[in-house]
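Number of protein chains: 2
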Amino acid sequence: MYTMAEHIVTGFDEELNRLTARIARMGGLVEVMVADAIKAVKMRDSVLAQSVIERDQEVNALQVLIDEDAMRIFALRNPMATDLRRVIGAIKVATDLERVGDLAEGIARRALTINDGEALALAKGVHRMGKLVKAQLKMALDALLADDTIKAKHVWIGDNDVDEMYDSLFRELLTYMMEDPRTISSSTSLLFAAKNLERIGDHATNIAETVYFISEGSVLTLDAAYDTSDD
Amino acid sequence: MYTMAEHIVTGFDEELNRLTARIARMGGLVEVMVADAIKAVKMRDSVLAQSVIERDQEVNALQVLIDEDAMRIFALRNPMATDLRRVIGAIKVATDLERVGDLAEGIARRALTINDGEALALAKGVHRMGKLVKAQLKMALDALLADDTIKAKHVWIGDNDVDEMYDSLFRELLTYMMEDPRTISSSTSLLFAAKNLERIGDHATNIAETVYFISEGSVLTLDAAYDTSDD
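Protein sequence lines, in the order shown, are assigned to chains A and V. For the first sequence, the working numbering begins at 786 and goes up steadily by one. For the second sequence, the working numbering begins at 786 and goes up steadily by one.
Take these hints with a grain of salt, some might be off.
No distinction is drawn between identical chains; accordingly, a pair holds when it is met within one copy or between any pair of copies.
Said to hold, decoys possible - Computed cross-link-like contacts, SDA-like style, restricted to lysine to any residue with a CA-CA straight-line distance of at most 20 angstroms: (1) 919 <-> 838; (2) 980 <-> 970; (3) 980 <-> 897; (4) 980 <-> 952; (5) 827 <-> 857; (6) 980 <-> 891; (7) 936 <-> 902; (8) 980 <-> 894; (9) 980 <-> 887; (10) 936 <-> 891; (11) 923 <-> 897; (12) 980 <-> 955; (13) 980 <-> 959; (14) 827 <-> 894; (15) 919 <-> 935; (16) 980 <-> 1004; (17) 923 <-> 1010; (18) 980 <-> 1003; (19) 980 <-> 930; (20) 980 <-> 884.
I should point out that these hints are in silico values taken from the structure, not numbers from a laboratory. Computed from a predicted model, the values in this text were never measured in an experiment.
Working from the sequences, and respecting the hints, build out all of it.
Structure representation (structure tokens):
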């Protein structure tokens, strides 16, 4: 049962909720951009790649709105403690999501080049890596919207798998190019697509660190990530 | 002649000055890391490359301190207008500089691989691009410390040259690899070093945008960058 007081939504609450809603929307857009960019590589779909490229503007515009919202809250509300960290966290996460949008756009641009050449067997490896990175990004956004530091730690630890997958894909692609120099141009594009995925993984990790910072007020370290005493 | 009032430094001023000093120090460290990483590629100096890699920790630690300073100012001082934008600007610039440190570290790691192979003629091209990017980063930091929006606009416009240089280097390196597949491994490392430089250029542009935002309270757009009516 709700008391009367709980029904009264203050202007500040409304503003914080709007900020969260914008971050959630930006996260959703970016998640789909990443998924579609990976799909454009796998399915050799240049029309889909083009649509990913076009969507990046919307993501950039959302970052500007989130920054403006955060500025207004700082100026008018003087937020403290957790609220303060939440607003700073919004600025940080919006910066990461904007970069993820750029990186997805980059993958889509590479897809256009890759699709110009012959199909490459290693595109499957990039798709596999893409699935892992997509899952990391989703978990980071889930952690953010639920203030879930345990999920945040899982993302942080999971980034090692992304890095390992990237390193092995990198070596395979180099071998492939040396064996068949005609594939150098499209293999290089595939290499950059993989590198962008690896960096999207880094941004998912940054978001996880921000989730931890909002809840705990301190920096997520190696020891803290592996400390499951509060799991 | 100074009046008494001008001699009284408030706690808030001190805090803002300390924040600026930390950003300046972080900028200086990162500038030298970029310069040394480029030098390590040009001079095939793996010892220097190793020292760049080791310095990245110091940069990361500074970002944490700057974030903490900014948090304290928000919580205790409730900054308004330009002061508010200055503190948010510090958080944004620290994020960019931390990434530039990572990218310089990345170039240094590539240098280690490049130095394992034969010397490549195109290392000169990367060095030339490096000089341009270094100049862009320096101008962005100068603009920041002097609140100079005109310099900020120059950085913004100058990023086109960086992108063009990268695109032509990219094409040359691909051709080089196709002509001599034995160079694929070190050429790919050189390609990634060039890509990191291009991204350092992007971060210099971000810093320039932040300088404009701090002074003007609005986002730097194409029209504004080419508007020299206030130059």
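Against the earlier hints, flag every one the structure doesn't satisfy and list their numbers going up. Hint check: 5, 7, 10, 11, 16, 18 and 19 fail, others pass.
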